[in-house]
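S.K.: Sequence:
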Amino acid sequence: MHSNLFTNLLTLVPLLGNLALGYEIQTPPLDTDWTYSVGTDPWPEYPRPQLQRSDWQNLNGIWKWKQGAYRGEPLPADESFQQDILVPSCIESGLSGVMLQNQTYSWYSTEFNVPHGFAQKGRRVLLNFEAVDHEATVYVNGEIVGTHRGGYWHFNFDITKYLTSHGKNTLHVFVFDPTDHEGKKKSPLIKLSLR
Numbered sequence: 001m002h003s004n005l006f007t008n009l010l011t012l013v014p015l016l017g018n019l020a021l022g023y024e025i026q027t028p029p030l031d032t033d034w035t036y037s038v039g040t041d042p043w044p045e046y047p048r049p050q051l052q053r054s055d056w057q058n059l060n061g062i063w064k065w066k067q068g069a070y071r072g073e074p075l076p077a078d079e080s081f082q083q084d085i086l087v088p089s090c091i092e093s094g095l096s097g098v099m100l101q102n103q104t105y106s107w108y109s110t111e112f113n114v115p116h117g118f119a120q121k122g123r124r125v126l127l128n129f130e131a132v133d134h135e136a137t138v139y140v141n142g143e144i145v146g147t148h149r150g151g152y153w154h155f156n157f158d159i160t161k162y163l164t165s166h167g168k169n170t171l172h173v174f175v176f177d178p179t180d181h182e183g184k185k186k187s188p189l190i191k192l193s194l195r
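Read left to right, the sequence shown gives residues 1 to 195 (the working numbering).
No lab work stands behind these hints: they were computed from the structure.
One or more of the hints may lead you astray.
To be verified - Taking lysine-lysine and the BS3-like style, the derived pairs with C-alpha atoms no more than 25 Å apart in a straight line are:
hint : residue 1 : residue 2
1    : LYS66     : LYS168
2    : LYS66     : LYS121
3    : LYS161    : LYS121
4    : LYS64     : LYS168
Using the sequences and the hints, build the whole thing.
M.R.: Structure representation (structure tokens):
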């Protein structure tokens with residue numbers, strides 16, 4: 001009896017592990033050796049050396065993703081974000097970890113701590129996006145910071161007043177991408193850093 005229960009538990013544990021959707025490179029229809037050599041850690045270099053600041057934090061890496069339903073939908077509960085996604089990436093790409101076509105509505109979520117000294121008196125904290133295709137609505141700690149439209153243009157928001165200076169901050173990005181079903185436009189691409 002005990003050995004059967006133990007065997008059943010050993011069988012159940014791997015099955016439960018498969019329910020948690022961790023980041024994994026998907027197999028694209030056309031790949032190369034480089035497909036599986038890409039790392040998930042953000043590069044330590046400042047993204048634009050000519051504009052480098054002494055204090056900055058890179059938020060690229062593994063985020064959480066979930067499919068959205070419609071523009072203007074309310075911010076979903078954090079526990080509903082079950083799938084990992086690599087940021088930056090195109091959602092259609094195997095490197096994204098999602099590799100889905102025709103995703104008109106998507107939610108992205110991550111948490112970050114504000115480094116000591118970022119929000120000192122008189123200093124502002126900017127959230128910089130290198131690109132989001134096509135429309136991004138940004139939330140910090142559950143509050144709408146702003147919306148940007150425009151495919152591949154970089155943009156930023158001053159998020160100072162939305163931050164919790166000690167402890168975790170939550171960043172959500174809702175992406176509306178009206179890609180046609182023939183794939184003539186690329187899907188959501190998010191590249192960002194916190195300065």
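S.K.: Hint numbers the structure violates, sorted upward?
M.R.: 2
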